[in-house]
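In order, the protein sequence lines correspond to chains A and B. To convert, take the position in the first sequence, counting from 1, and add 6; that gives my numbering. To convert, take the position in the second sequence, counting from 1, and add 58; that gives my numbering.
No lab work stands behind these hints, which were simulated from the structure alone. One thing to keep in mind: the hints can contain errors.
[Claimed, not checked] Listed next, the in silico EDC-like pairs over lysine to aspartate or glutamate satisfying Cα-Cα at most 16 Å (straight line):
(1) B:Lys121 x A:Asp528
(2) B:Lys323 x B:Asp223
(3) A:Lys282 x B:Glu126
(4) A:Lys192 x B:Glu120
(5) B:Lys193 x B:Asp157
(6) A:Lys340 x B:Glu120
(7) B:Lys323 x B:Glu348
(8) A:Lys513 x A:Asp14
(9) B:Lys150 x B:Glu225
(10) A:Lys182 x A:Asp106
(11) A:Lys282 x B:Glu120
(12) B:Lys171 x B:Asp200
(13) A:Lys340 x B:Asp112
(14) A:Lys340 x B:Glu119
(15) A:Lys282 x B:Glu119
(16) A:Lys340 x B:Asp114
(17) B:Lys193 x B:Asp245
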Amino acid sequence: MSNNYLTDGYTLRSWFFTIDHKRIAILYFASLIFLFLIGGAAATMIRIELVTPQADLVSSDTYNRLFTMHGIIMVWFFLIPSIPNTLGNFIVPLMIGARDLAFPRLNLASWYLFMLGAAITLYAIFMGGIDTGWTLYTPFSTLYSNSYVAVAAAGIFVAGFSSILTGLNFIVTIHKLRAPGLTWYKLPLFIWSLYATSIILVLATPVLAITLVLLAAERIFGVGVFDPRIGGDPLLFQHLFWFYSHPAVYIMILPGMGVVNELITCYSRKKIFGYKFVAWASLAIAAAGFLVWGHHMFVSGQSLIASLVFSFMSFVVAVPSAIKVFNWTATLHKGTLRFDAPMLYALGFIGLFTMGGLTGLFLACLAFDVYATDTYFVVAHFHYIMVGGMVTAYFGGLHYWWPKITGRMYSDYWARAAAILIFLGFNLTFFPQFILGVEGMPRRYHVYPPEFQVWNALSSGGATILAAAYLLPVFYLGYSLFFGARAPANPWGATGLEWQTSSPPPKLNFDKQPVVTSPPYDYEHAPEPQNA
Amino acid sequence: MWREWIPFWHVGISPYGGDVDLLFVGLVIVSGLVLALLFSLLLYFCIRYRAGKDVDRRNHEEKSWRLEVGWTSASMLAFLGLFIWGAAVFLKIYQTPGDDLTVFVVAQQWMWKVQHAGGQAEINALHVPINRPIKLVMASQDVIHSFFIPALRLKHDVVPGRYQDIELQISRPGHYHLFCAEYCGTDHSRMLGEIVAMEPADYTTWLTEQGPSNSLAQEGEVLFRTLGCSGCHEGSQAVHAPSLAGLYGKPVPLSDGSVVTANEKYIRDSILLPRSQIAAGYQPIMPSFEGRVSEAQLLQLVAYIKSLADRGP
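The following block holds chain A by itself, in its conformation from the complex:
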């Protein structure tokens, strides 16, 4: 067997001190599976508890710790690093014809920072938990909460530096390490969207770090920043927090959009429609996404004029997303569509993301937001984007690049079954939550009035299907890892430099430096898929 990055050393040292971006991607991947299972376990407990209106499984204090843990783990320790740090880390250098990221050691350092942050946060969770909600609103978090707020904040603070370093690494890599001939408009759109993501990572995450330091200063030393009793302003925290956390939402969706560009074109056997519009839409989202944070605060007492401006900007930021959806749809026109598992995930993404996006417009609409904010409508909305969108895209990308990463093929039958089950299970879980929101059920409720039970029970029922569907890939991908057929270099007949090297790639990615002459997504001249 030829030498590849997987066979280049079998010792623990060869993994934990590797500076190969592909191995670091695998390290991230393994850590993220673990963290996803922890966050998922919390979600499972929440859904079981909410089957009945009364408290039956856990106490209110435990319930509050569960949804906080679910939010913190899923946002900072799964969604934000998910596509960028696993698929991005693995694929970006391959896609642009480079041997590695610009700063390989920094890349490894960012994994260690991430693990340190995760360890600190898990310590906070298992020592007694944190009960502030992932939003950490003051003055509850600084003065009133009797939980491990400062420890968890320290964990998030450390993990933030991992984000910043990764973003920096991607920006420099994309600027400096592109193969000869690979101009900006020849780049795969996955690169454009990761570039936009990296800009947000580098610009927004420091604000989170500052906010967490101020929070800790008030909680530990009583420095008055957010608590009105000692001269602070509680809304200042919300402004700072959302100045990071709303752009962070785009950190959590732009990479998913990037993956979908690759999948839609590959399985339509066609160049993407409106390349430049899709590329610049990513940067437009990254830029406009910085100017909408106040839409989380329409009922907080911020000035009415501020609310008007933030509402308007929130509609504006939806335009580039709409442009993307229309361009994906137009790409299908006159294509030669194949429905392999990654394509099913991509189509599922378009449907769920559009649902999430449209309900986002409901919430951008001031008068309806007064009613719907802090209800289950918001919970349903952002799960459609984060889970229906980002996690679906993550699974799609994982299936698409799986042969490249592992050198093995998987069962397309089971992969398609999982894609369909995830789509159905997801809708059964989260659509009822829209109805709960419209009926006025507030979020973060451990017990609730009995009239909300029907939809809660339905949502919990759907969650069992979703949980089973998410576990399916563990089996068939696990099987593929050991017994799957060897993958050829380019099983899907895809364009993109990553498919020109062997599967799995050699340690330095390419045997000789690739040179790019063809336009992006040149499917008219691409090889035929080998799994047809």
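Given the coordinates of chain A, assemble chain B onto it according to the supplied hints.
Frame of chain A; chain B shown alone:
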């Protein structure tokens, strides 16, 4: 009104409840149309252009300025319309409340405490007359809470350290849910209350039945003396402090040259942070009462000072 001609439309029980519902229906219709268009196109393309099907695939376009500009401007126009519609109703919900009937609400972990001007107090319940605008002045004793009455389509956060005033008006007698919508700790999900909307006559009876010994302003007057406020602010004392008679609702010139209106917020701030807004011509010598009075006591003091509005200075 023209809206009454729309089938299935109902007025709602707050002045804007029907407008919010109509906006919701509008949003559902717009998104329904977008979804229907998108899903039928996806389905159509997926069936017609599936691999193995022999259809004409020649002359496909790779880009089109006309399409891009078309769907971008169509989205922008639709979004602009929705923005204006939502904003118009929003300004109606949060209009500046009138000063006819004021009720004070104090939120604290994990209950709603209500104080009526006549001194009637209740917990986790709010009795109000129908068809009359009520000004709610809300304060939080500890963390952020949110005052949410789904039936009225009304919600507003109650943030510590400041007063929020909103207007409440209910057109139909009944019992309605009051939820805390902002997560506030252990028993957040049990921080519920009941809004009881009554016919004006029943409301008057209810107020009398409560039979409080003192009105809110009288309670405030007692406090005004025990805290020692009267020592400086009343009579001709050695200490030079402004008289509070006839103050409420009047413009107050400040030492920095600006002018503020003496409303509940100003009075509250002046008790807690006396040095932030100094009345022109006075020395900044008043001590802060931060931490010495609870939100409920503050409201009593405010009610007392408000009751002095009609007395001459």
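Tested hints:
1. Note on B:Lys121 and A:Asp528: the hinted pairing holds, with a Cα-Cα distance of about 14 Å set against a maximum of 16 Å.
2. With a C-alpha separation of about 9 Å, the suggested pairing of B:Lys323 with B:Asp223 holds against the 16 Å cut-off.
3. A threshold of 16 Å between alpha carbons decides the hint, and for A:Lys282 with B:Glu126 the separation of about 11 Å falls inside it, so the pair holds.
4. Pair hint A:Lys192 plus B:Glu120 holds up; C-alpha atoms about 14 Å apart against a cutoff of 16 Å.
5. For the hint linking B:Lys193 to B:Asp157, the alpha-carbon distance of about 6 Å falls within 16 Å, and the restraint holds.
6. Between A:Lys340 and B:Glu120, the direct Cα distance comes to roughly 10 Å. Compliance with the 16 Å bound is thereby established for this hinted pair.
7. With a CA separation close to 15 Å, the supplied pair B:Lys323 and B:Glu348 stays within the 16 Å bound.
8. Distance restraint check for A:Lys513 and A:Asp14: the Cα-Cα separation of roughly 7 Å lies within the 16 Å cut-off, and the hinted pair is therefore satisfied.
9. Taken as a hint, the B:Lys150 and B:Glu225 pair is honoured in the structure, with Cα atoms around 10 Å apart against an allowance of 16 Å.
10. The hinted pair formed by A:Lys182 and A:Asp106 meets the criterion: a straight-line CA distance of about 12 Å does not exceed 16 Å.
11. Using a Cα cut-off of 16 Å, the hinted pair A:Lys282 and B:Glu120 holds, with the two alpha carbons roughly 11 Å apart.
12. Only pairs whose Cα atoms come within 16 Å are accepted, and B:Lys171 paired with B:Asp200 is accepted, the gap being roughly 13 Å.
13. The straight-line distance between the Cα atoms of A:Lys340 and B:Asp112 is roughly 11 Å, inside the 16 Å bound, and the hint therefore holds.
14. The straight-line distance between the Cα atoms of A:Lys340 and B:Glu119 is roughly 9 Å, inside the 16 Å bound, and the hint therefore holds.
15. The straight-line distance between the Cα atoms of A:Lys282 and B:Glu119 is roughly 14 Å, inside the 16 Å bound, and the hint therefore holds.
16. Pair hint A:Lys340 plus B:Asp114 holds up; C-alpha atoms about 8 Å apart against a cutoff of 16 Å.
17. This hinted pair does not check out: B:Lys193 and B:Asp245 have alpha carbons roughly 27 Å apart, beyond 16 Å.
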